[in-house]
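*Asks:* So the chains spell out like this:
There are 2 protein chains.
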Amino acid sequence: MTDDMYDISILGCGPAGLSAAVNAFIRNKRIIVLGMEVCSPPLHKAQKINNYLGFYGINGQELLDKFLEHARAMQIAIRHSKVELITINEDGTFNLLVDGEVLNSRSIIIATGIPYKPTLPREEAYLGKGLGYCATCDGPIYRDKDVIIVANDAEGEAEAQYMAEICRKVYYLSLYKNIGKLDSRIEMIRDKPSEIMGNGCVKGLLLKSGRVIEAEGLFVLGGETAPDRVIPGLEIVENHILVDRDQKTNLPGVFAAGDCTGKPYQVAKSVGEGQVAGLNASQYAGSRN
Amino acid sequence: MTDDMYDISILGCGPAGLSAAVNAFIRNKRIIVLGMEVCSPPLHKAQKINNYLGFYGINGQELLDKFLEHARAMQIAIRHSKVELITINEDGTFNLLVDGEVLNSRSIIIATGIPYKPTLPREEAYLGKGLGYCATCDGPIYRDKDVIIVANDAEGEAEAQYMAEICRKVYYLSLYKNIGKLDSRIEMIRDKPSEIMGNGCVKGLLLKSGRVIEAEGLFVLGGETAPDRVIPGLEIVENHILVDRDQKTNLPGVFAAGDCTGKPYQVAKSVGEGQVAGLNASQYAGSRN
Numbered sequence: 001m002t003d004d005m006y007d008i009s010i011l012g013c014g015p016a017g018l019s020a021a022v023n024a025f026i027r028n029k030r031i032i033v034l035g036m037e038v039c040s041p042p043l044h045k046a047q048k049i050n051n052y053l054g055f056y057g058i059n060g061q062e063l064l065d066k067f068l069e070h071a072r073a074m075q076i077a078i079r080h081s082k083v084e085l086i087t088i089n090e091d092g093t094f095n096l097l098v099d100g101e102v103l104n105s106r107s108i109i110i111a112t113g114i115p116y117k118p119t120l121p122r123e124e125a126y127l128g129k130g131l132g133y134c135a136t137c138d139g140p141i142y143r144d145k146d147v148i149i150v151a152n153d154a155e156g157e158a159e160a161q162y163m164a165e166i167c168r169k170v171y172y173l174s175l176y177k178n179i180g181k182l183d184s185r186i187e188m189i190r191d192k193p194s195e196i197m198g199n200g201c202v203k204g205l206l207l208k209s210g211r212v213i214e215a216e217g218l219f220v221l222g223g224e225t226a227p228d229r230v231i232p233g234l235e236i237v238e239n240h241i242l243v244d245r246d247q248k249t250n251l252p253g254v255f256a257a258g259d260c261t262g263k264p265y266q267v268a269k270s271v272g273e274g275q276v277a278g279l280n281a282s283q284y285a286g287s288r289n
Numbered sequence: 001m002t003d004d005m006y007d008i009s010i011l012g013c014g015p016a017g018l019s020a021a022v023n024a025f026i027r028n029k030r031i032i033v034l035g036m037e038v039c040s041p042p043l044h045k046a047q048k049i050n051n052y053l054g055f056y057g058i059n060g061q062e063l064l065d066k067f068l069e070h071a072r073a074m075q076i077a078i079r080h081s082k083v084e085l086i087t088i089n090e091d092g093t094f095n096l097l098v099d100g101e102v103l104n105s106r107s108i109i110i111a112t113g114i115p116y117k118p119t120l121p122r123e124e125a126y127l128g129k130g131l132g133y134c135a136t137c138d139g140p141i142y143r144d145k146d147v148i149i150v151a152n153d154a155e156g157e158a159e160a161q162y163m164a165e166i167c168r169k170v171y172y173l174s175l176y177k178n179i180g181k182l183d184s185r186i187e188m189i190r191d192k193p194s195e196i197m198g199n200g201c202v203k204g205l206l207l208k209s210g211r212v213i214e215a216e217g218l219f220v221l222g223g224e225t226a227p228d229r230v231i232p233g234l235e236i237v238e239n240h241i242l243v244d245r246d247q248k249t250n251l252p253g254v255f256a257a258g259d260c261t262g263k264p265y266q267v268a269k270s271v272g273e274g275q276v277a278g279l280n281a282s283q284y285a286g287s288r289n
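Protein chains in written order, with our numbering: chain A, 1 to 289; chain B, 1 to 289.
Heads up, a few of these hints could be off.
[Claimed, not checked] Label-pair ranges, simulated between beta-carbon atoms: (1) Leu127(A) - Pro41(B): 24 to 32 Å; (2) Pro118(A) - Arg245(B): 37 to 45 Å; (3) Ala73(B) - Lys82(A): 33 to 41 Å; (4) Thr87(B) - Met5(A): 52 to 60 Å; (5) Gln47(B) - Tyr265(A): 30 to 38 Å; (6) Met5(A) - Asn104(B): 55 to 63 Å.
Hints listed in this document are in silico derivations from the structure and should not be mistaken for laboratory results.
Since the structure is predicted, the reported quantities are computational estimates derived from the model, not experimental observations.
Here a beta-carbon is modelled for each residue, glycine too, at the ideal position from N, C-alpha and C.
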């Protein structure tokens, strides 16, 4: 129990995350809200929201602004960082790896929105069997071997650079525009991925053009992160986090709210679940203080 | 399937009921909202609501006004009537008894707020064993017998009048002020009820003063109505309507949302559940249209 222990760490700054934050704040809990640069991209883009009670004929951006204003009025800050990994300590508290820093927390609320969509079909079947999400972590396994990097954003470039120094061959397939300057040892693939080749283990990648690239390692970088990869052991059912009516997950001290727990993907449902998660996490954290 | 069939009948015009209405309306469902004169008395009286996302520092009445405005903007009307009884037809549709009129509906959403508190202790133990909630319904059973009427409001006076004409003796105990003129055959009790006397069946009522009034019948009138008395067969657990995460009750076509489904008794939770109930009832009604 250190001084820098948060009562609640909230992952996500959309309707569910902000509602959880507002409710936990009222309970005098020490909270941190960790979210993407744009809180709730789907709401942000919505033309018209007519079914969040109290606001009629508002557009998504305006409603999101109201939500953020509410949080600001209560001095709730949002840290725009991504949580890489959460581990559970022996005493039941949590460590969050965020930008290379470790945060400590008594409880977690996951409010990360519409669930993860894999970048490639059947990723889950190859995870740990040649497919990985962190090249710098798994890199040494592929020393002097061939690897393919499929990158959703420019952050993949540094990882490709690192791999170029230890692998025999690095293929780089970008799913974004404006690719930076890459090491001459990296071969750029100007094509689209189609499917993972392999027979239990990764053997390569079939491209849309029909070309096959053979490799022992395949890294998918910068995509969305499935919640059960962030918190190993979290129970997922049909791509959603399993919760009960108290928004509890299967892991003690871990709550979830909003689109990540299931349909309907709607603002009021998210705000309501965020409230219940915020109040129950406050109670949980309070009981362990 | 008649023309005057509603898709969804919503019981309650507080946050859960209005949220259900707004969501069902957007799905083009034919709905009716039935509520008390004041929609959500607890919200109405709240000094300050800081945890319904989007409104900071608003008071209960203002927030309720925003909700009612939203419904009005969508031309959703509220009928201020009480549903006496709901019965289920063979084809799975519902009949609602409202002000002596029968309404037909494909589905029901119960959003009646904080659950029923009995007027007298152990009412449930004597229900149907000398205790009733509708004097004019059960009156004939008590012809030439003695009955006690415990009335929460002035509507009990007409029922007492009716009973005076058929019973041997009618005792009238009002729990409200400004009692009207009663028939001389009715004996006014200026005391407070303490407990029901009986041994399986009602034998009388013990008053706070220690006086015992003997009677074969006891009617409790004008109090809140427990949801499982309005819809017989509805499953209640610890005084709340049992629902799953789709807001379905144990009865097909019957959904519930808001405080009646359990704690926390909070606006955002109610609005969120109302949305889910409204969308799922819309889908249910649509599938049976």
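*Asks:* Going back to the hint list, which numbers does this structure go against?
*Replies:* 1 and 2
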